[in-house]
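Q: Residue-level listing of the chains:
Number of protein chains: 2
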Amino acid sequence: MRAHVAFTPDETASAAVAVVVDVLRATSTIPQALAAGYRRVLCCAEIEEARRLRGEIEGSLVGGERDAVRIDGFDVGASPREFLEPRADTLILSTTNGTRTILRAAERCQVVLLGSLLNLGAVAEEVRGRGEDVVVVCAGFKGAFALDDAYCAGRIVALLGAERSDAAIAAELVAGSFADAHTALLARTYGPPGLEEDILFCSRESVLPVVPRLAGMVGPAAEIIA
Amino acid sequence: MRAHVAFTPDETASAAVAVVVDVLRATSTIPQALAAGYRRVLCCAEIEEARRLRGEIEGSLVGGERDAVRIDGFDVGASPREFLEPRADTLILSTTNGTRTILRAAERCQVVLLGSLLNLGAVAEEVRGRGEDVVVVCAGFKGAFALDDAYCAGRIVALLGAERSDAAIAAELVAGSFADAHTALLARTYGPPGLEEDILFCSRESVLPVVPRLAGMVGPAAEIIA
Chain A
1 MRAHVAFTPD ETASAAVAVV VDVLRATSTI PQALAAGYRR VLCCAEIEEA
51 RRLRGEIEGS LVGGERDAVR IDGFDVGASP REFLEPRADT LILSTTNGTR
101 TILRAAERCQ VVLLGSLLNL GAVAEEVRGR GEDVVVVCAG FKGAFALDDA
151 YCAGRIVALL GAERSDAAIA AELVAGSFAD AHTALLARTY GPPGLEEDIL
201 FCSRESVLPV VPRLAGMVGP AAEIIA
Chain B
1 MRAHVAFTPD ETASAAVAVV VDVLRATSTI PQALAAGYRR VLCCAEIEEA
51 RRLRGEIEGS LVGGERDAVR IDGFDVGASP REFLEPRADT LILSTTNGTR
101 TILRAAERCQ VVLLGSLLNL GAVAEEVRGR GEDVVVVCAG FKGAFALDDA
151 YCAGRIVALL GAERSDAAIA AELVAGSFAD AHTALLARTY GPPGLEEDIL
201 FCSRESVLPV VPRLAGMVGP AAEIIA
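First to last, the sequence lines map onto chains A and B. 1 is the number of the first residue of the first sequence in the working numbering; add one for each residue after it. 1 is the number of the first residue of the second sequence in the working numbering; add one for each residue after it.
Think of the hints as simulated: they come from the structure by calculation, not from any bench. Take the hints with a grain of salt, since some may be wrong.
It does not matter which identical chain is used: a pair holds within one copy or between any two.
To be verified - Here are the computed lysine to any residue pairs in the SDA-like style, where the Cα-Cα straight-line distance is at most 25 Å: (1) K142 <-> M1; (2) K142 <-> R2; (3) K142 <-> A13; (4) K142 <-> A122; (5) K142 <-> A162.
From just these sequences and the hints, can you work out the full model?
A: Shown next as structure tokens:
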């Protein structure tokens, strides 16, 4: 069993299993929503696709953001703290980085799982149980390296006990350099300010037992189930 | 002044200054050759281009390798230990990763410098003196993350005192995780075995005062001068 880390979606390598990591916030929000009772999450890259699906699917709710601001006319934003209770069967979510990264991983890997600090223990246990080669794919920020995702990737690698690529070794060294997850997430330099409460929420470790996985496509959306 | 690190050539971002890093071995071999007395190094991606230039340019020597083995018919290999004394005016070198990375950097940056551990102090001083935004571009291995280049990038960043991107912070954390350069270079997992003596040679820090820079193109080759 070999573990590799792609620090950006473009570096995604072939492997039996991919774990997509977008700590702030898609892969934190999705396990939170599934754990709360949503049956599935449909991830859309485009706002218009999400709006259309909302009209087509009964019992759905649409959430999303651009630059951390809720999209006009959407039912909710994309903060995991908005999904503590289920308000629908299907959550439609528009996350540019996350969806793109999930689809990139699906091109190269048979199984696509979603990981964050919230489900750290569960996702590592799932990958260990499969015993197959894994690539942890960081969503990053607009295609570039993001420290929070690299940190989480390193935490996952550290729990696998697998043979490591150069990037997997580096991710583990980065993760080991921070006293705790909250400190690591606060060290990031990119993106808009104002996410302090979400950062605190997403810094909690192994509080959710769910491992979201890609089930297939629903039109232009990636369908994620627990 | 802002410092960024591209862990692979594809991540190269725009900046006033690029420092290309290919520790094993192109950006160690080139400053060594220039310090020894070669006037210039012409970097070719293709073996046939190097052969042709060797025939066209009087007083030239051609070196290169594929998978760490000297190319058939070439005068020398690509080990920095082969360039302790000048044997010609022009060294023609065929290094796939290195040349590709230099050209990628030239597309996005006004100034392209070459850095390694051998010229660590000199290249950092040059970048500090310019005071402009810099991206350290790791050549990596076949497009992927390489621990030796990331280590060297982190060492360079640590000497700049610049504002750092997420990737620059991560590179510095990786560099700070190793007791010394030799240990870091031995930790890499990619590539062919058998480079032990070159690894030891390339682990020496700030022993060369030269900062190689891209002067322009000579046909398909990147012309590097001190």
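Q: Just pull the numbers of the violated hints for me, sorted ascending.
A: Of the numbered hints, just 4 does not hold.
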